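J.: Top to bottom, those sequences are chains A and B.
Under my numbering, the first residue of the first sequence carries the number 17, and numbering increases by one thereafter.
Under my numbering, the first residue of the second sequence carries the number 210, and numbering increases by one thereafter.
The hints are simulated quantities; they were obtained by calculation from the structure and are not laboratory data.
There's no promise every hint is true.
Sample of chain B residues at the chain A side, in silico, Cβ under 7 angstroms [what the hints assert, rightly or not]:
no., residue
1, ALA315
2, SER479
3, GLY488
4, TRP490
None of these values were measured; they are calculated from a predicted model.
Using N, Cα and C, we set each Cβ at its ideal position, and we do this for glycine too.
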Amino acid sequence: MIVADQVTMKFFAPDKQPFVALDRLSCTIPKGCIYGMIGSNGAGKSTFLRLLSGVYRPDSGSITVDDMPVWENPAAKERIVYIPDDLYFLPQSNMKQMAKLYAAMYSRFDFDRFAHLTETFRLDPTANIATFSKGMRRQAAAILGLSTMPDYLFFDETFDGLDPVMRQLVKQVIYEDVLERQTTTIITSHSLHELEDTCDQLALLHRGGIVFESDVQDLKTALFKVQVAFDEPYTKEKFAGINILSYTQMGSVCSFIVRGSREVTEAGIRALKPLLLDILPLSLEEVFVYEMQALGYSFDEVLK
Amino acid sequence: MKNKLFNYKLYLEALKRLRIVGIAVAILCVSVSALIPIYHMANMARYDFYDVYGMANSSSMPFRTEAIENGALVIPALVASYLMPLFVFFLFSYLNKRNESDFYHAIPFTRGCVYTTTTLAALTWAWGILIASCLVAGALWAIDPYATFSFGGLLLQMLYMCLNTTLLISAANVAVSLMGTSMTSGIAFAIVLCLWRLILGLGMITIDEVNNLIDGSLVLGGYLNPSFLLPVNLVMGEALVDRPVVLIYALLVSLGLFALGGWLYRIRRSETAGRSVAGKWLQILMRCLVTLPTALVMTYMLLTGVGDVGIFLILLVVTVLIFLLYELLTTRSVRRMIKATPWLCAVLAACVVFGGAIMIGNAIVNNEDIPAQRITAVGLGSTTGVGGVELSLYEHNKLGDYMTKNDEAAAIVAEALKRAQDAERNGTYYYNGLEYMMSSSYAPATFGRSWVDIRLVGGMTVTRRVMIEQAEYARLIEIIREEADLTPIPTREEVKHAYVRLFQFSGYDQDVSGDTISALLPIMEQEWRAMDDAGKSHFISYNKYDGSIELRMSIRFPGERYDSTCYYFIDPDDMPRSYALLSSEVIKTQPSRERVKEMIENISKDADGVVRIAGINGAGKEFPNSGYFGSIYYADVVEFLLSHLDDMVTVSDPVKGLDGLTVLHIIHEGYTVYEPIATIGGTEEIKTVYAAESEPYVEPISYGYNDFVFVLDLDKDEQDMLWALLDEVGMPGEIDDKY
Numbered sequence: 017m018i019v020a021d022q023v024t025m026k027f028f029a030p031d032k033q034p035f036v037a038l039d040r041l042s043c044t045i046p047k048g049c050i051y052g053m054i055g056s057n058g059a060g061k062s063t064f065l066r067l068l069s070g071v072y073r074p075d076s077g078s079i080t081v082d083d084m085p086v087w088e089n090p091a092a093k094e095r096i097v098y099i100p101d102d103l104y105f106l107p108q109s110n111m112k113q114m115a116k117l118y119a120a121m122y123s124r125f126d127f128d129r130f131a132h133l134t135e136t137f138r139l140d141p142t143a144n145i146a147t148f149s150k151g152m153r154r155q156a157a158a159i160l161g162l163s164t165m166p167d168y169l170f171f172d173e174t175f176d177g178l179d180p181v182m183r184q185l186v187k188q189v190i191y192e193d194v195l196e197r198q199t200t201t202i203i204t205s206h207s208l209h210e211l212e213d214t215c216d217q218l219a220l221l222h223r224g225g226i227v228f229e230s231d232v233q234d235l236k237t238a239l240f241k242v243q244v245a246f247d248e249p250y251t252k253e254k255f256a257g258i259n260i261l262s263y264t265q266m267g268s269v270c271s272f273i274v275r276g277s278r279e280v281t282e283a284g285i286r287a288l289k290p291l292l293l294d295i296l297p298l299s300l301e302e303v304f305v306y307e308m309q310a311l312g313y314s315f316d317e318v319l320k
Numbered sequence: 210m211k212n213k214l215f216n217y218k219l220y221l222e223a224l225k226r227l228r229i230v231g232i233a234v235a236i237l238c239v240s241v242s243a244l245i246p247i248y249h250m251a252n253m254a255r256y257d258f259y260d261v262y263g264m265a266n267s268s269s270m271p272f273r274t275e276a277i278e279n280g281a282l283v284i285p286a287l288v289a290s291y292l293m294p295l296f297v298f299f300l301f302s303y304l305n306k307r308n309e310s311d312f313y314h315a316i317p318f319t320r321g322c323v324y325t326t327t328t329l330a331a332l333t334w335a336w337g338i339l340i341a342s343c344l345v346a347g348a349l350w351a352i353d354p355y356a357t358f359s360f361g362g363l364l365l366q367m368l369y370m371c372l373n374t375t376l377l378i379s380a381a382n383v384a385v386s387l388m389g390t391s392m393t394s395g396i397a398f399a400i401v402l403c404l405w406r407l408i409l410g411l412g413m414i415t416i417d418e419v420n421n422l423i424d425g426s427l428v429l430g431g432y433l434n435p436s437f438l439l440p441v442n443l444v445m446g447e448a449l450v451d452r453p454v455v456l457i458y459a460l461l462v463s464l465g466l467f468a469l470g471g472w473l474y475r476i477r478r479s480e481t482a483g484r485s486v487a488g489k490w491l492q493i494l495m496r497c498l499v500t501l502p503t504a505l506v507m508t509y510m511l512l513t514g515v516g517d518v519g520i521f522l523i524l525l526v527v528t529v530l531i532f533l534l535y536e537l538l539t540t541r542s543v544r545r546m547i548k549a550t551p552w553l554c555a556v557l558a559a560c561v562v563f564g565g566a567i568m569i570g571n572a573i574v575n576n577e578d579i580p581a582q583r584i585t586a587v588g589l590g591s592t593t594g595v596g597g598v599e600l601s602l603y604e605h606n607k608l609g610d611y612m613t614k615n616d617e618a619a620a621i622v623a624e625a626l627k628r629a630q631d632a633e634r635n636g637t638y639y640y641n642g643l644e645y646m647m648s649s650s651y652a653p654a655t656f657g658r659s660w661v662d663i664r665l666v667g668g669m670t671v672t673r674r675v676m677i678e679q680a681e682y683a684r685l686i687e688i689i690r691e692e693a694d695l696t697p698i699p700t701r702e703e704v705k706h707a708y709v710r711l712f713q714f715s716g717y718d719q720d721v722s723g724d725t726i727s728a729l730l731p732i733m734e735q736e737w738r739a740m741d742d743a744g745k746s747h748f749i750s751y752n753k754y755d756g757s758i759e760l761r762m763s764i765r766f767p768g769e770r771y772d773s774t775c776y777y778f779i780d781p782d783d784m785p786r787s788y789a790l791l792s793s794e795v796i797k798t799q800p801s802r803e804r805v806k807e808m809i810e811n812i813s814k815d816a817d818g819v820v821r822i823a824g825i826n827g828a829g830k831e832f833p834n835s836g837y838f839g840s841i842y843y844a845d846v847v848e849f850l851l852s853h854l855d856d857m858v859t860v861s862d863p864v865k866g867l868d869g870l871t872v873l874h875i876i877h878e879g880y881t882v883y884e885p886i887a888t889i890g891g892t893e894e895i896k897t898v899y900a901a902e903s904e905p906y907v908e909p910i911s912y913g914y915n916d917f918v919f920v921l922d923l924d925k926d927e928q929d930m931l932w933a934l935l936d937e938v939g940m941p942g943e944i945d946d947k948y
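Isolated chain B, as found in the complex:
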């Protein structure tokens, strides 16, 4: 009795049948994978030529050493991982020809054995090619002196690609087992892989458009959500290392599809070969399924009013054409195509069911009576706020699924929900009405909207987007903060890293020391507690380029694999002590006069270097957060700076901070990158350069940049002179001439 699930000789035969295709794909994939690092090496080495002759410029010259992202290590293999199902289509092509199908069904093996063994042969080639490509590319990246990469990342990429190809191969297995021609197998492959998720995705979008109170992804999401489809995740370049559930899910789906394919193969009738599908009903199902996506888009348009009549009519024609063409191409019979036409009604019926289900759900949600008496607890659903009143990211994470049983909170939410339901029924619901009111004279509403979780009597929890007044929302937050003893300020232990970003200086970043953070947090908390609601809102709102110092703290919340960045905006009026502490941190870490002088003199020797003013304020003017002021020839500025080195200050009055001082954020790019002149933060790129080279700062011809701030105590005339100088030399368009 032969093995029921695997036969080695049959496996070798299947491998042999794929050898020509497999070797061709392997040569192509491995060689293209190898070409990329080879090209990188050659390309980077080419820049040595420019080093000698000084032809580089700041816009084209890359860093001498680049960190290669995991996703970019083996792109050809990633592309190839999507093509590997072709091996399955090739190996199982006998299922599309009657004589071949009979031959393979007559051989003395169980069908399960033929199926498993043949699939394993396809997987062997696929995995082999992908792994070989990764290893060859990895070896070349490893000897590339201009590149750094994570070998662990490469292994992860290899895992993703193998899993991706396994998922696709399993879907292909189902398709070939079900269908009888290459074309219908291809269509079935697409249906198995995508259609279900496409329908769900359309459902989610439609729900979101039709009803403002519920979230489509919560109703139809979960593991069936398109975001859980590994092939899509990889195309989108998502960092899956933090989402192992996607990989586990892909593995489970692969196994499920593989098992389904095996079952279909076992019950498959050999005479299906050469015919579009195995039976009458499957043909009907297929023709309806291929038509469904466009039909559902039309349903979506009807339900939401999105689009116009022209698009609708075009879609209608396309839908009918898809239906008829599928039938014609698969049966090659005009008579059958005409005969199948009534089944368009089935597609219509599916759309009616789809639309009907959404409308019924919509009506239920809009008319569901949830008075305060039915509510046992409420929680804030997400980080949305109302009119700037919101919880910080930190508070949301600390809250988790916390829900308050406070009666007042329940009453607020019940009222807000009823208001939203009324607005939905009456068609008076406005998107983000409060913000609209605040920014428009046509103010139609006095409410904002926010997600809330509502636990009902009986234990069921629903999530609804309610219309809530700013004051109501503020009260809700207050209740929860008091009850949960919550502030937006983390403990010292929770802070893994912190830095300030000065938007006045085009996003100048600077690390904040642990000691400073230890001193800062209690002061911040005291000042936060003393603030009014507006101040509290400002403190945790995003993108406030109003002169505040932005403090960013990295926090690892429980159960998460990565740090979350929490943002705080330290306003000098609301939080003077915190502001002073942070600004003194900025100033005190700037270089000494002597060091700056030395650096400036060296910069002047760097013929290919560029000095840019990234930001400036002072004398009542500022150049905030709008990118570089412009590349300027350093000599004019250097001269000015050298002449005012004596004016450099170290702030002695922490309360005064940067007030009244002229602060320039200077960036120098060039080959002469010096050892750190201070503990200045930098971008990821420069950190990468540092990490890639053992002694990066003393590398004499390494291209990179320094950035630092000058804090100058200039009088009014001097400030005006500086502005005039910058006006004269720094305007875009004049740069090239001067350079």
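Bound-form chain A, shown alone:
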């Protein structure tokens, strides 16, 4: 389990005020969870992953992995693999050479798995990585990372450069790891679409803090859209007792977003004898938009 407690991280630049990348961020990520983190540029996603990987030391607060601090702790870091957005490979190296480098660093590196994954992804382990496409390089990094048999796997916008087929393949491998080895995975992205069908939990980072965090399944089922029409004039007050997050009305037709039980809400509205009643599911993005509006944020502003 990952626990971040009041973590603050500042960056200093010559002739500038310090930039606060993370501001007293706290979160708990349970073991075996696939945790999605979205946010705009500068929200603090990469900083958070670097802190979790031991690249950075927090200016204040603490980060622990299974109750162990990560900073300067090889025992904790050996169980963690961080695949950054900007990948690093030895100059003019191939995957085989990189595998040896990883094996020198990570004692649990599994060459069988490495061979299996390179075959699965159809990458030539003896080809110069410099000749790989951007997507292939990401696959290579993922393969190397997964071959270290990590307990914690951090992808920093790794999926953004993959084609749909490969993205699905990588996800499949991650799922296997999660299922078989209870690997805790954190995936960051600019795009909610990348994460909505993958993650168990989602968090939205904005200006160094988590402004919203929830279980994906709860998110998808807790909010839904109602479209309803009546043959008489009415106002929002007609729906007293229903938890409405957003309400719009055009003539006799209105639509609103509801948080609560779908069945109870539907029964309540039908009792009002509507001319028309439609209950529609929301996309994850819509759920985020409304949840954030409820918190006073503009989704477009946060993720622009």
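Starting from the structure of chain A, add chain B where the hints point.
T.: Chain B only, in chain A's frame:
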């Protein structure tokens, strides 16, 4: 839990990352190191061709066997030892790129482990290459039949180079840990290694220029002095075997820098990669530090008046340019460069502090009131003298830190110090005024200057350069000599080796036997005690080419690892018995008539040989100490010498010595080097040849030389004839035609 400071697998990986660069450097370094002895062998073997055809001449032909100096054994490796920090810059280059930096900071090792292991990999390549180069070169020198060398010296060179490269690598470690780009790392490397010493060096020079009373190296010297920087010592070719403290110091500095680099690496923030430095204040510090050297030179010029306005203005422009260019190149932002400009004031402030500290120190020294009552003891600071009145090297070494508590001495020094302080304050201080007065009609002063050590009430000892009269200085010396029971003449046990040098004969050297020294020393002491101050000064003064016999004695002083040579000038008038004893030593060891005849006849058969008159005196003329008289074709001289063999004398009257006799110093160069015709001293080169070959004197074609003196009892006509002969055949410019 992985090892906190070293990991073998990581070490192997780091070695692998350096393999291409390392192998390239190794091939280059080892092969060039090998080429030098190979070239030497080939070059020397080439001279056999000339042996056959007799094309050699005295100026180009080297000795058949050369002793290779330690410093020359592996010059390429020495050069390479300065380049090895590049390995560190290469291995730690990941610190200059964000993604690479993140990768290496995320791997499951402590930062200390990554730092130590990576540095050890760099050191392994560096040491490996240097040692391999030395061993390969050593093996080739060993099989070179024309070279001799000291294997111990080679090992020492290897040690120096490894230590040198370790020091540089440690400095590079600090630089890469601190900075975020290759350029700033390089600049930081130079700053870490040199800037501090440069500032101190400038401080010392400035103090020496500004104040005549104190010694900058004593104020700012010590271990921070540039002379304690091994890379400089090696470039200057200094013999470090006698200065182990330099090596120990270099090792300690290396360890210190290595530890500092490790600490900086541990606290380094990964995001520094790609940026000039880690933080705002370090950037400010760096831009000021790179500007400081030229700014301090300007300060030096202002304080001392050295240089002119033009140079000052050029330096001013250069200083500002360095400041701005550093900022521009490291930040790549004109806006930041302009914004940084006010920090030039910090450089100015540093110069003000530097100059102010020196001026304040100067004022304190010049106004410090040290009357005789405050002085508890005084000592002579160094071997400087006043108007020729001085202590000999031997006496100085015997004195050590001895200080006299004599009240008169304290009064003399107090007065001399006050005089110097007054002169400093009034601007009337003259450099070496007494010597100036003696050599100039514009005599502005009647004082010389000398260093003295002054112990004050309270125990503090200061060293000052005082203005002191010749008589005062002589009295001071007299007091100390009496008190310390000191003479300039060593005991027999202290003398390790002695020889005489006759400057009349272009520095003809001859060993003096132990028995002669035993007989000589008591006579010298008696005669020295009877001499006046002028005679005593002459006795121990340097470079007196006035007909005296120069006696050089090697003495190993306590605590020193090498012999010091003490010089004595035996004047025939002041020290007649000593003079006679030494001159008879010269004469009696010359060859017999028969041996000389045999040698001369053999010389005449040596077609490639040359006979040179190195010095001559007699008949009221002499040709002293100005190099060779000229190479002359031997036949004319040989004929003359053969005809006067009967005139060769052995001095029977030791008191008369060489007086009235004609003495020729002859050097024969050629392939026929004979067994010693007498116990004649020689130069280092010929001694080396002797040492290098088992039977060098009987080697039939070994090139070398003999030198010896003829002592002839010629009458006036014969002397004139000899001079005429030499005038005729010996003048430079006519030599080649005759040869």
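J.: Please go over all the hints and tell whether each is borne out by the structure.
T.: So, going through the hints one by one against the coordinates:
A least Cβ separation of about 4 angstroms between ALA315/B and chain A falls short of the 7 angstroms threshold, and the interface hint therefore holds. Interface hint status for SER479/B: upheld, as the beta-carbon distance to the closest one in chain A is roughly 5 angstroms, under 7 angstroms. A distance limit of 7 angstroms between C-beta atoms decides the matter here; for GLY488/B the minimum to chain A is near 5 angstroms, and the interface restraint holds. A hinted interface residue such as TRP490/B counts as satisfied when its beta carbon comes closer than 7 angstroms to some beta carbon of chain A; here the least separation is about 9 angstroms, so the hint is violated.
Of the numbered hints stated above, the single one contradicted by the structure is hint 4.
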